[in-house]
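With chain V's structure known, arrange chain H on it following the hints.
Protein chains: 2
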Amino acid sequence: MDIKTTYPSNNYTIHVGESILHHQIEAYSKKYDSIFYIIDSRVYDLHKEVLSFIKSPVLTRSGEASKTPEEYIRVVESLLEKGIKRNSLIFVIGGGATGDAGGFSASTVLRGVDYIQVPTTLLAHDSAVGGKTAINSAHGKNLIGTFHRPKAVIYDLDFLNTLPESELLSGFGEVFKHMLLHSRDKAKTLIRDTENGILIPDLKKYLIKGIEIKRDIVTEDEHESGKRKFLNLGHTLAHALEYKYKFPHGQAVILGLYAMMTISNEFYQKSIFDLPFYYEYFDQLGYPLHYLKEMDIDEMIRLMKQDKKNQKNDYIGFILMNDDTPEFKEIEEIKIRQYLNALKESI
Amino acid sequence: MDIKTTYPSNNYTIHVGESILHHQIEAYSKKYDSIFYIIDSRVYDLHKEVLSFIKSPVLTRSGEASKTPEEYIRVVESLLEKGIKRNSLIFVIGGGATGDAGGFSASTVLRGVDYIQVPTTLLAHDSAVGGKTAINSAHGKNLIGTFHRPKAVIYDLDFLNTLPESELLSGFGEVFKHMLLHSRDKAKTLIRDTENGILIPDLKKYLIKGIEIKRDIVTEDEHESGKRKFLNLGHTLAHALEYKYKFPHGQAVILGLYAMMTISNEFYQKSIFDLPFYYEYFDQLGYPLHYLKEMDIDEMIRLMKQDKKNQKNDYIGFILMNDDTPEFKEIEEIKIRQYLNALKESI
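Line order of the protein sequences matches chains V and H.
If you use this note's numbering, the first sequence corresponds to residues 1 to 347, in order.
If you use this note's numbering, the second sequence corresponds to residues 1 to 347, in order.
Simulated from the structure, these hints should not be mistaken for laboratory data.
Everything numeric in this text was worked out from a predicted model, so none of it was measured.
Take these hints with a grain of salt, some might be off.
A pair counts as met if it fits within one copy or between any two copies, since identical chains are not told apart.
Claimed, not checked - Below, computed lysine-lysine pairings styled on DSS-like, alpha-carbon distance capped at 30 Å:
no. : residue 1 : residue 2
1   : Lys-305   : Lys-55
2   : Lys-151   : Lys-229
3   : Lys-31    : Lys-312
4   : Lys-227   : Lys-151
With the rest of the complex left out, here is chain V (with noise of 0.2 Å):
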């Protein structure tokens, strides 16, 4: 399945399927004169097979390791002792994390070289769309970077089948973001297709549908000036809660949806959401809720105010649903004090 995005030039693809990695890189790489490969060095090691044929790669440190200003400094100077030219071509092979370092390298090695993303886990599903690049910085997650779209997004869902328990569980968490961006209706058809649990082919139609969502919205605001902000959808606590307690970002995710649940619920007075039916599922799908229970809200209140949307002193800004339409509110902070309370007391 092949989805192209509609930007008004410069458009790319996005190509989802099973096995369909060495027939695209082989197609993509013959336009350019030298390819370079980034790749996290755990997913290199467990498909060494698949990617046998990769001589000399830069491998980076797993996961969010790889989004040091050190590592990002690191994989930089590799590439230009490796002798990368400005008509190179990378692919960047990994999850979320790598994608993201891997992208801000590619865009910034000699002012920018073409690359692909070659997502590995679901959540990469997500990041691989939309062109944003990012490592961390000591003052929160992804606060350095650029806007760098890649030429190409080579999506082999093979890569899958390897992701651990907890990896499903993360990736998952922007899955169910995008269907509930779409409506409470999809969120719902969506849970009664993995009551039983998180499998891969379930959800591949999902996935389509995520990435269709993600694409039409990062297409009409590229750059965060509007509608993009929606994806931010549960990620204000959810970066909080990710720096603080170091558990994986998707899994965040599903805290900051529930906070935001019960947020816009308090803020529009009304019942938007059935606050125990989401409880219970994501409790017995594993996500870590207790979270929500133990957080500091002062601690959260302060690293949310290092959000990059957020243009006001002593607001937060936030995305909630009034019924099924995302919209962005900037909330006194005291306003939020009494929100977390009040759900950290739910719980």
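For chain H alone, kept in the frame of chain V given last:
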């Protein structure tokens, strides 16, 4: 004097004049919620009174020392520490190096924040125009960076009065290059006006002309796929020389221009440049031409091959002057070796 860029969109103004700093900073600051300053620490010391209105600047190591990856990360973390937001504005105050590195910080913090270049050297009349940002790699100069236009350039010529002789010589290298790109006649007029030394008041009209020449080239070819390469006149060898011998950039450019003259004469097999005339002029102004005698040619070639403009192995891209027309030529390594040997022996 205001010079406006002529891109299809997102144009900006280059303000050139005496004592324009305060007024312009005030005017641009009005449109933003918060203002940040990245300032070369030496410039800040030298101009403490003029800059005393700035309360909490991010001071950077002076000159090229600001362009290490470590210093880049430190500056970005300081901006975040001080609470920079997406709708903040950054003024980058300093020479060419500060502008390059400060521009890179601005273009990557929070995925890009608006910035204004405030060049304080002669050299920076060049680097502040065109929207290239850069830091240095262990493998060569300017190998990491972005294309990111400033919102304006404020070129207050008062800063030039405190320039030490070596900086004056350095900046003059790019002024001379711009005139040569226009024509040998233009270069000769500049030579006539500087026979008795380089004086700022005499240079003003050449600075403005230089900015216009550069502006016209970068407008036509922002991302350096064609004509913009011409601005690299003299730079291929210059980058290698300054990397090796650590002397000011623009001084190396003069040496590189002299090498370009000898290569152009050889390559086109006609006497385009009167070599003894230029040699004597550069020598009398005090340029360290002796490095052309001392340089290790193998090492220079190795360093030149790192240049971003090189697309093919065993060839090095040079900008040559065919009479008054700049041309990009990919020259075999073996030929370059011959040319440089001949140059070395002629000195």
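Going down the list of hints, with the structure as the test:
| no. | hint | verdict |
| --- | --- | --- |
| 1 | Lys-305 - Lys-55 | between (44 Å within a copy, 23 Å between copies) |
| 2 | Lys-151 - Lys-229 | both (23 Å within a copy, 24 Å between copies) |
| 3 | Lys-31 - Lys-312 | between (47 Å within a copy, 15 Å between copies) |
| 4 | Lys-227 - Lys-151 | both (23 Å within a copy, 25 Å between copies) |
Checked against the numbered hints above, the structure breaks none of them.
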